[in-house]
Amino acid sequence: MTYGNFINGMKKSVPVVLGYIPIGTAFGILANQQGLSTFEIFLMSSTVYAGASQFIAAAMIASGVNAASIIFTVFLVNLRHLLMSASLSPYFRKVPSIIQAILSFGLTDETYAVDITHIKEDMPSASFFAGLHATCYATWVLSTVIGGMLGNLIPDPTRWGMDYALSAMFIALLCIHINDRRDVLVAVCSAAFSLLITAMSGGSWNVIISTILAATIGVSAELWNKRLFLSSSE
Amino acid sequence: MEQKVVLIIIGMSLATYLPRMLPMVLLSKFNLPPLFLKWLKLIPVAVLSALLAPAILAPQGEISIGLDNKAFIASIPCFLVAIKTKNLFLTVLVGILAMLLLQNL
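For the record, the sequence lines run as chains A and B.
Read the first sequence against the working numbering and you will find it ends at 234, with the numbers running on by one and no gaps.
Read the second sequence against the working numbering and you will find it ends at 105, with the numbers running on by one and no gaps.
These aren't lab readings, by the way, just hints derived from the structure by calculation.
Take these hints with a grain of salt, some might be off.
[To be verified] Which bits of chain B does chain A cover? Going by a derived footprint, with three or more residues having C-beta under 8 Å, they are: (1) 15-24; (2) 35-49; (3) 56-70.
[As the list claims (entries may be wrong)] Selected chain A positions facing chain B (Cβ under 8 Å, derived; list incomplete): (4) M84; (5) M149; (6) G161; (7) M169; (8) A172; (9) D183; (10) V186; (11) W224.
Built from N, CA and C at the ideal position, the CB exists for glycine as well.
Same shape as in the complex, but just chain A (with noise of 0.2 Å):
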């Protein structure tokens, strides 16, 4: 564990903090008005920690769908982490199993997005992982229970659209991932996949589907060139 590396981490959670505390607040008091208690808000956001999937099962929970559907529902959900876990694992090969298992526990869409820019643009470390992994999750439970506890006092904080700041996040990681023509292709593609399969189906799916479909074209384009350069310097 180094010191530097923690702190340095913390810092590059700023974009995911700002992003975090509306859409955290929002939930706290949307799950406040669906009849989740402050406690029951907190155990969930603890122990769950994923955006999308909370805001789906509090709508359930009040509605009073089964167990099984619910947990099933955010299982789906959630599957795209499995990629985003797969591609980090060649960067902890030195880290034991334990410390991986704690650092996955914070891994979501937006410390993802940072955790692979880091280690684009540094040497990985486990220590900067740890410092953005807390610091998000810190912010979330604390912004979902501080939603809960104020409920209707105030309103959505998320209408004034600060929520922007994950998307502004998004974009200037994407183009910072992009490098050259065959990333380029990638993008294109895994974007018009994610749009289509959103507007037919609503969005669950989209984003494994789309990033399993766009990496597989990445790289049979990446062969295929290859395969015209041998064939003409032969």
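Let chain A serve as the given structure and place chain B on it in line with the hints.
For chain B alone, kept in the frame of chain A given last:
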């Protein structure tokens, strides 16, 4: 506190934790084939793009590219700044300012 809610929360926590944890812990133990590593290297760009596209082009679930879609309008200056500077904080700042402006028009 309702027992059913606690049961649901415990189930949810497993359903979210296992997909986050298992691939990292298991795959980092093996030497992965080069082709699979190449594929994994493309996951970040694909994931970022897949998450972003519906957030700015279909914020209500259906595709909307027009002046009534504030997230889409705000993303134009964000993209310009991001491509030009590759600066995260500047892009987020521009995004928040653009959104504040659009909300108050």
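Comparing the hints with the structure gives:
1. 15-24: Held - the segment 15-24 of chain B has 9 residues with a Cβ nearer than 8 Å to chain A, which meets the minimum of three.
2. 35-49: holds (count 14)
3. 56-70: holds (count 7)
4. M84: 6 Å, holds
5. M149: Result: violated, 16 Å to nearest chain B Cβ.
6. G161: With a closest approach of 4 Å, the A:G161 hint holds.
7. M169: Where the cut-off is 8 Å and the nearest Cβ of chain B is about 6 Å from A:M169, the hint holds.
8. A172: With a minimum Cβ separation of about 4 Å from chain B (threshold 8 Å), the hint on A:A172 holds.
9. D183: It holds, given that the least Cβ distance between A:D183 and chain B is near 5 Å, below 8 Å.
10. V186: 5 Å, holds
11. W224: This interface hint is violated because 13 Å lies over the 8 Å limit.
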